[in-house]
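Dock chain E against the given chain Y, drawing on the hints supplied.
Number of protein chains: 2
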Amino acid sequence: MKNFSFCNPTQIEFGDGKEKEIGQHLHHNGIKKVLLTYGSERIKKDGLFDTVVDSLKAHTIEYVELGGIVSNPLLSKVYEGVDAAKAHKVDAILSVGGGSVLDSSKAIAAGALYDGDVWDFFLGKSFITKALPIFDIITLAATGSEMNTGAVITNDKTHQKYFIQAQALYPKVSIINPKLQSSVTKEYLVYSASDVIAHCIEGYFTATTHPTLMSKQIEAIITTVMETTEKLIANPNDYTARAEFAWAATCALNGFTYVGTAGVSYPNHMIEHALSAICNVPHGAGLSIVMPAWMKWYYKNNEAQFKRFAKAIFGLDSAVEGIEALTTWFDKIGTPTKFSHFNIEEKTLPAIIDNATNNAIYFGMGEVYTKETITEILKQAL
Amino acid sequence: MKNFSFCNPTQIEFGDGKEKEIGQHLHHNGIKKVLLTYGSERIKKDGLFDTVVDSLKAHTIEYVELGGIVSNPLLSKVYEGVDAAKAHKVDAILSVGGGSVLDSSKAIAAGALYDGDVWDFFLGKSFITKALPIFDIITLAATGSEMNTGAVITNDKTHQKYFIQAQALYPKVSIINPKLQSSVTKEYLVYSASDVIAHCIEGYFTATTHPTLMSKQIEAIITTVMETTEKLIANPNDYTARAEFAWAATCALNGFTYVGTAGVSYPNHMIEHALSAICNVPHGAGLSIVMPAWMKWYYKNNEAQFKRFAKAIFGLDSAVEGIEALTTWFDKIGTPTKFSHFNIEEKTLPAIIDNATNNAIYFGMGEVYTKETITEILKQAL
Numbered sequence: 003m004k005n006f007s008f009c010n011p012t013q014i015e016f017g018d019g020k021e022k023e024i025g026q027h028l029h030h031n032g033i034k035k036v037l038l039t040y041g042s043e044r045i046k047k048d049g050l051f052d053t054v055v056d057s058l059k060a061h062t063i064e065y066v067e068l069g070g071i072v073s074n075p076l077l078s079k080v081y082e083g084v085d086a087a088k089a090h091k092v093d094a095i096l097s098v099g100g101g102s103v104l105d106s107s108k109a110i111a112a113g114a115l116y117d118g119d120v121w122d123f124f125l126g127k128s129f130i131t132k133a134l135p136i137f138d139i140i141t142l143a144a145t146g147s148e149m150n151t152g153a154v155i156t157n158d159k160t161h162q163k164y165f166i167q168a169q170a171l172y173p174k175v176s177i178i179n180p181k182l183q184s185s186v187t188k189e190y191l192v193y194s195a196s197d198v199i200a201h202c203i204e205g206y207f208t209a210t211t212h213p214t215l216m217s218k219q220i221e222a223i224i225t226t227v228m229e230t231t232e233k234l235i236a237n238p239n240d241y242t243a244r245a246e247f248a249w250a251a252t253c254a255l256n257g258f259t260y261v262g263t264a265g266v267s268y269p270n271h272m273i274e275h276a277l278s279a280i281c282n283v284p285h286g287a288g289l290s291i292v293m294p295a296w297m298k299w300y301y302k303n304n305e306a307q308f309k310r311f312a313k314a315i316f317g318l319d320s321a322v323e324g325i326e327a328l329t330t331w332f333d334k335i336g337t338p339t340k341f342s343h344f345n346i347e348e349k350t351l352p353a354i355i356d357n358a359t360n361n362a363i364y365f366g367m368g369e370v371y372t373k374e375t376i377t378e379i380l381k382q383a384l
Numbered sequence: 003m004k005n006f007s008f009c010n011p012t013q014i015e016f017g018d019g020k021e022k023e024i025g026q027h028l029h030h031n032g033i034k035k036v037l038l039t040y041g042s043e044r045i046k047k048d049g050l051f052d053t054v055v056d057s058l059k060a061h062t063i064e065y066v067e068l069g070g071i072v073s074n075p076l077l078s079k080v081y082e083g084v085d086a087a088k089a090h091k092v093d094a095i096l097s098v099g100g101g102s103v104l105d106s107s108k109a110i111a112a113g114a115l116y117d118g119d120v121w122d123f124f125l126g127k128s129f130i131t132k133a134l135p136i137f138d139i140i141t142l143a144a145t146g147s148e149m150n151t152g153a154v155i156t157n158d159k160t161h162q163k164y165f166i167q168a169q170a171l172y173p174k175v176s177i178i179n180p181k182l183q184s185s186v187t188k189e190y191l192v193y194s195a196s197d198v199i200a201h202c203i204e205g206y207f208t209a210t211t212h213p214t215l216m217s218k219q220i221e222a223i224i225t226t227v228m229e230t231t232e233k234l235i236a237n238p239n240d241y242t243a244r245a246e247f248a249w250a251a252t253c254a255l256n257g258f259t260y261v262g263t264a265g266v267s268y269p270n271h272m273i274e275h276a277l278s279a280i281c282n283v284p285h286g287a288g289l290s291i292v293m294p295a296w297m298k299w300y301y302k303n304n305e306a307q308f309k310r311f312a313k314a315i316f317g318l319d320s321a322v323e324g325i326e327a328l329t330t331w332f333d334k335i336g337t338p339t340k341f342s343h344f345n346i347e348e349k350t351l352p353a354i355i356d357n358a359t360n361n362a363i364y365f366g367m368g369e370v371y372t373k374e375t376i377t378e379i380l381k382q383a384l
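Those protein sequences? They're chains Y and E, same order as listed.
Everything in the first sequence is counted per the working numbering, starting at 3 for the first residue and increasing by one.
Everything in the second sequence is counted per the working numbering, starting at 3 for the first residue and increasing by one.
These are computed hints drawn from the structure, not numbers from a lab.
Positions of the beta carbon are idealized from the N, C-alpha and C atoms, including for glycine.
It is possible that some hints are incorrect.
Stretch-level coverage of chain Y by chain E, calculated; a stretch enters the list once three of its residues show a Cβ under 8 angstroms from a Cβ in chain E [what the hints assert, rightly or not]:
hint	segment
1	7-18
2	211-219
3	224-231
4	239-252
5	256-264
This is chain Y alone, in the form it adopts within the complex (with noise of 0.2 angstroms):
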C-alpha cells in the first residue's frame, strides 16, 4: 500500500423522504439564499421542485432558480449560473437533479468565488482552493458525484470534455432518496450501470499497487450493482435493491476504494469523453461501448487483476473469458458495446480519435495513448 491522505467530509443523508429535510440542513449550515440548479422542467411536475421550494420556505431561505442544465452539461450554462451567483450573492448551491446538475453545480460554485474564466479551472491555468458550500439531493445513482471532489463539463465551443477536483468540491451535505431515482428509464438505469462499473474497474485495472482490501471491496461494488441492476429491470419498484444500487453507486467513487493505491489512471473515461463531446451519447452508453475494447487491448498489461476480476466476478479462470462474460452482461441488460448502437459509423471515428487524443494529452496519459493506440481500441467496437 502507498502511503496516502484521506478525508470526505461530505454529510449523506440517505433514505425516503430525505429531502423534505433540506431546508434544514441549509439553515443549520448558516445558509440564507442558494443557487437553486436543476434540470429539465419536470421536477415541476412530479412534485420534487414544490417540495424543495416548502422546505426552504420553512426554513426563511431564498432561491434563485436555474434550470435547463443538460446531461453532458454545458460550460455555457456554467457560465450562466456563476453570473447568477455573483448577482444574487448567493452563498450556497443547492443541487436537485442527477450528476450533471451536481456536476455543474460544483463548477459554478467554484467561479462564484473567483473573479477570472471558470475555464481556467479545467485547464489547470488557476487551481481551486475555495468554493461556496454545495447542497444536493441527487435524483440519479450513477456519477458518484455526490460523495466526491470532481466535476466534468464540455466547453460547448472546443468540444472539450474535461475535469476539475478539489476538496472544497465535496458536497457538504447529499440527500439519496432512493425512491425519486426509481422514475429513471430502463435505459438510464443500465447505463448508469455500466458508469459506475466504469468507476470501480478504471482503478481495479490500471492501479501498479492492488491493496487486498481495496479489490475486494471494488468486487463487493460490481457484484451488488449487477444483481441490483437485474433486480431492477425485473420490477423497478424494489426499494431495497434501489436503495442498494444507489448506495454502490456513491461507494463507487467516493474515494474509500482507491487508497492506498499508485498509478491510477482513467483511460475508459478518458475516451468516453471523446465518444460524448462528439456524438453526445449518453455516459454511462459510451462507457460500455469503450470497455470492452479497452480491455481487450490492454488486459496483457496486468493479466493476473483480470485473471482475478474473471473469477471474482464471474468464477471464471481467464482473463479473456472474464472480459467476454462484462461484454455478454451488458448486452443482456441493454447498455450497448457497439458502435452501431448508436448508428456512428467508421466515418465519424477520426473525430472522435482526435478529440480522445487531446483527451490523452489532458489526462497526462499522452505517452501511452496515442492517435495509433486509440485507433486500435476503438475499432474493436466497430
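Then chain E, alone, in the frame of chain Y:
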C-alpha cells in the same frame, strides 16, 4: 436498507513517516498547545516521542505530558487528564499510542470542556456536544478508534467498563504508520485480529436488515484480516501485510459497514467488557473467548446470515461449520477461545456474569441478556 445519516470527517494520514508531519497538521488547524497523551515509557526509548516533540517544536507548539495510560484504560487517569487539560489550557489532545490511549484522550477531550464529572457522559446523565479537537498517532491496529466516535473506559472504583459516542469525538487527524505498529508482539497481533473480527461480526449477525453491499464489505475485511494475520505471524516485517491489516482494522469500525442496517447490537463486547473489567484480560483475547460461545448460543436467531458467513469466509455450507471453522482459526493463530487460557476458573464466573448483566441493561439489551442467558453463553467457554 434503512434510512441513515452518515458523516465521517476524520482526516487519515496513512503511511511510512507520516508521524513526522504531526506538527504541521496541528499548526494547520491553529493549535498552539497540546496535552500529549501516551502509555508506557517505551515511546521514549524507541524514538517516537522524540520524533513527535521535534515536529511540535518545529511548529512552535507547546505540550504538556500525560503518560502512564494502561490497557483497559481507567477513569482515574482520565480525571488526571481532564485536570491537566484545564489547568494548562491546552487547545487540543495529541494521543500517541494504541486504542487505550486514544479512548482516554477522547474522554479527556470531552471532559476538558465540561464543568461536571466526565463520568456523567458514560452514564448518560449528560451528552457530549463539544470536545477539544483530537489528533492521534495510532500505534496499534485494533480498535478502529482512529476513525470513529467511540471510546471505552473502565471506572476503577465500580468496575464498570462503559462507553461514550459523539460526533465531536471523531479525531481531526489520525496518523497511521504501519511501521510503528510492527513492534507489536505476536500475542497482541492475534488479539487485535480477534478485536477487528469482533467489530465486523457484531453488526453482521445482529442486524435485522442486511444490505448486501455491507455484508460483502464486512466479508472483505474479515478475509483480509485473516490473510494478513497469517502473513504477519510468518513475517512481522511484511510491510504490505502490516499496512493492509492496519487499514482493515480502521475500516472495520469507521461506520461505513454499518450504514443502512438496523437493530445492530454489541453483545460480544457487552459480555467481554465484563470479562476484562473483572479479570483484566486483553480486550481482543476476551473477545475470542466470548465470540464462539455467543455464536453457538445465538446462531439460530439468524441462521441465514451464519450460513452466508460460513460460505463467504470458509467455503463451508452450514452455520455450525462456520462457527467451528472460526474457532479453529482462532486456536490456530493463538488467540484464546476458552477461559482456561487465562486460568479463569468457574468460581470467577458469577462476578463476570453479574457485571455483564449490568452491562446488558446499560447496553439496552437487558431483556434478552439476562443472568440466565449470559450464564448459558459463558458456560460454553469453560
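Status of the hints after comparison with the structure:
1. 7-18: holds (count 12)
2. 211-219: Contact hint for the segment 211-219 of chain Y vs chain E: holds, 5 residues under 8 angstroms.
3. 224-231: holds (count 4)
4. 239-252: Holds: 5 residues of the segment 239-252 of chain Y have a Cβ under 8 angstroms from chain E.
5. 256-264: holds (count 3)
Comparing the model with each numbered hint stated earlier shows that all of them hold.
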